Amino acid sequence: MRPLEEGPLSFDSNVILDFHLTGNYVLLERLAAGRMLISDFVQDELSRSELTPLPSGCEVVALTAEEELDFLRELARTYRNLGPGELGAIAVSKFRAAIFVSNDGNARTAARNLGIELTGGLGLLQLAVTAGYIDGAGAIRIMEEMILQGSWFSDKLISMFRQSVLKN
Amino acid sequence: MDRYDKKPAHPTGTPGGPAAKSSDHGLAGHSEESGLSEREPNIKEVIGRNLKQAREAAELSQEDFAERLGVSRATLSGFENGKVAIDSAKLLRAAQILGMSIADFFKEENQQLALLYRAAEEIVPDHSVRFRFRHKCEAYRDLEEIVGVADSILPPPEYKYLPLFHSKPYQFAVQVAQSERERLGIGQLDPIPNVFRLLDENGVRIFLDNIPQDRVFGLSGFSNLYGPCILVNLNKHTLERNIFTLVHEYAHLLMHRDYYVNPSPPEKKDREMEEVANCFAANFLVPEAGLRAALNKTAGQKSVELQDLVFLKHHFKVSFQVMVRRLRDCGFMASKDHDDLFARVKTSVGDDTKEFAPLDVDLIGSWRQVSRFNYLARKAALGEMVSVGKLADLLGQNLIQTRNEIQSWRKEMASAPA
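Taken in order, these protein sequences are the chains called A and B.
My numbering applies: residue 35 is where the first sequence begins, and numbers increase by one.
My numbering applies: residue 2 is where the second sequence begins, and numbers increase by one.
It cannot be assumed that every hint is accurate.
Here are the simulated DMTMM-like pairs of lysine to aspartate or glutamate, each with C-alpha atoms no more than 20 Å apart in a straight line [claimed, not checked]:
no., chain 1, residue 1, chain 2, residue 2
1, B, LYS412, A, GLU178
2, B, LYS412, A, ASP189
3, B, LYS412, A, GLU179
Worth flagging that the hints you see were computed from the coordinates, not collected in a lab.
It should be emphasised that the depicted structure is a prediction, and the values quoted were computed from it without experimental measurement.
Throw the hints in and build the complete structure from the sequences for me.
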C-alpha cells in the first residue's frame with residue numbers, strides 16, 4: 035500500500051464538499067497539489083450543488099475508452115446503491131491507479147471489494163497534521179465542523195482519529 | 002487515518018446480492034453462461050439504444066440534438082448505432098439536454114411506463130415532464146429494491162367496464178367508487194381525512210412536482226414493474242384541485258388500465274373517459290350517503306345556503322365547484338340554485354387558480370411526513386444501504402440538500418431514548 039503522500043487521488047463529491055463547506059479548500063488544495071483527480075461525474079454533482087469553482091490544480095477526468103465505460107456500467111449494475119459521482123470516482127481510481135477518497139461507507143465497500151486503495155476526509159486531515167500544515171487540535175476542530183456541515187463518521191472512527199492526531 | 006479503519010467488507014458486495022461471476026475488472030458480469038443465450042449488447046450498443054430512445058422521446062431531430070451535443074450528425078448516428086463509443090463528458094451533456102440521469106443510459110431493459118393525464122384543455126405534457134415523472138417512478142422502484150421491499154404491496158384492483166354486463170359508464174363509475182371506499186375501509190359516510198395518505202398506504206406511488214405547464218393538472222402511469230404512479234402538479238393549483246386530480250388519476254388507474262399502452266400520452270383525450278374519471282372522483286370524495294348525512298346535520302330540511310356549502314366543502318375537502326355539483330347531481334339542490342350560486346362565487350373569486358373559502362389544512366405536509374417514499378429514503382440513509390450521492394439522485398436533490406436532510410434524520414434519531 036502506498037503512503038498517502040504519494041500518487042494520484044480520485045475524490046468523490048462529499049469529501050470536496052466537506053472541505054469547501056468548512057472553509058478549508060486551501061488546505062485541500064495544498065494536500066492534493068498536482069495529484070487531484072475529479073471525475074466529470076463528480077464535477078457535475080458539485081456544480082448541481084452550486085459548488086464552483088473546483089479546487090485549483092485539479093484535473094477533471096472523463097472516461098473515454100470503451101473499457102472504461104464498460105467498467106462503469108458493470109460498477110453501476112453491481113453497486114446499485116451508489117450515485118453517479120461515486121461510480122465515476124471509483125472508475126477514475128481504477129484506471130488512473132489513484133487512491134479513492136471517500137467518506138461514504140457504501141462507496142468505500144465497493145472500492146475495497148475491487149482492491150482499490152482508499153482513504154477519506156479524516157485520512158487527509160491526519161496527513162495535514164503529519165505534514166505540519168495544522169496541529170491535532172485544529173484537525174479535530176475541522177472534523178467537528180465537517181460533522182456540523184452534514185458529514186458523518188462513526189463514533190469508533192472519530193475516537194481513533196482523535197487519539198491518532200493528538201498523539202502526533 | 003481511515004486507511005487503517007478496516008471495516009469489514011459488505012458480505013455480499015452489494016445489497017442486490019453477491020457477484021455472479023468475476024470478470025477482468027473484478028465485477029459481476031451478465032455474461033452468457035449457457036452459451037445459448039443471445040449475445041449481450043456491448044456498452045456502446047446499450048448507451049446508443051438508450052440515447053436514441055431518449056432523443057426520439059424528446060422529439061429532437063438528429064441534427065438538432067447533434068448540434069446541442071457539439072458533435073456532427075454522423076458522429077451522433079455512430080453513437081446511436083453503437084458503432085462509436087461516447088465519452089462520459091458527452092454523456093453528461095446528453096443527460097443535461099434530455100433531463101436524464103447518467104444511470105439511465107446504462108439501463109439494459111427499458112421498462113415502458115404508459116401515461117394518461119388530466120389537463121384543463123387539450124394540452125399534452127411535454128417530454129421533460131414525462132422524463133421527470135418516469136425518473137421519479139424509477140427512483141421509487143430503486144429505493145424499494147435497495148431497502149428490500151419491492152413488490153410488497155399489491156396494486157389496487159382493476160375494474161373493467163363491460164358494456165354487456167354493466168350499467169352505463171357513469172353508473173359504473175359510481176359503483177366502483179362505492180366498492181373502493183368499502184375496500185379501503187372508509188365506508189360510505191365519512192369524509193376522507195387525507196386522500197394522499199390513504200392512496201399512498203394502499204400502494205399508489207404519488208409524486209408532487211411543480212410542472213411549468215400549469216394547465217396540466219396531473220399525470221398517471223402504470224407498468225407491472227412500477228405499479229400505479231400518479232404525479233400531481235402543484236404549480237398554481239389549489240389544494241382542492243390537487244385532491245381532485247389525485248383521485249381523478251386514481252380512477253384512470255382503476256378503470257382504464259388497458260389504456261396505459263403508450264409512453265407518450267394520447268394527443269386527443271377521450272372525453273367520456275375523462276368524465277367517467279371525474280364522476281368516480283366526485284363520488285369517491287363525496288359519497289351520496291355521506292352527503293345526505295352531513296346535510297341532515299347542517300341544513301336539515303331547509304334549502305342549502307352558502308354557509309352550509311362552506312361547511313360541506315371543508316368537511317369533504319373538495320372545491321366549491323365540486324360541492325355544488327354534487328349537491329345538484331344528488332338532487333339536494335335545484336339546477337337554478339346551483340347555477341346562481343356558481344355564478345356568484347365565480348364572480349367573487351375571479352380566476353380558477355383561486356378557491357372560494359379555501360381549505361386551511363396542510364394535508365400535503367402531514368402526508369409527506371409519513372409518506373412511504375420518504376420513509377424508504379430515510380430507512381435507506383440511516384441504515385447505510387445507499388450512498389449520499391445515490392440518495393440525492395433518487396430524491397432529485399443536490400448533495401447539500403440531501404446531506405442536510407440526512408443530518409436532520411440523524412439528529413431526530415439521536416434524541417430518541419436509549
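Status of the hints after comparison with the structure:
1. B:LYS412 with A:GLU178: Distance ~15 Å between LYS412 of chain B and GLU178 of chain A Cα, so the pair holds.
2. B:LYS412 with A:ASP189: holds, 14 Å
3. B:LYS412 with A:GLU179: Roughly 16 Å between the alpha carbons, so the hint for LYS412 of chain B and GLU179 of chain A holds.
In the structure shown, no violation is registered for any of the earlier numbered hints.
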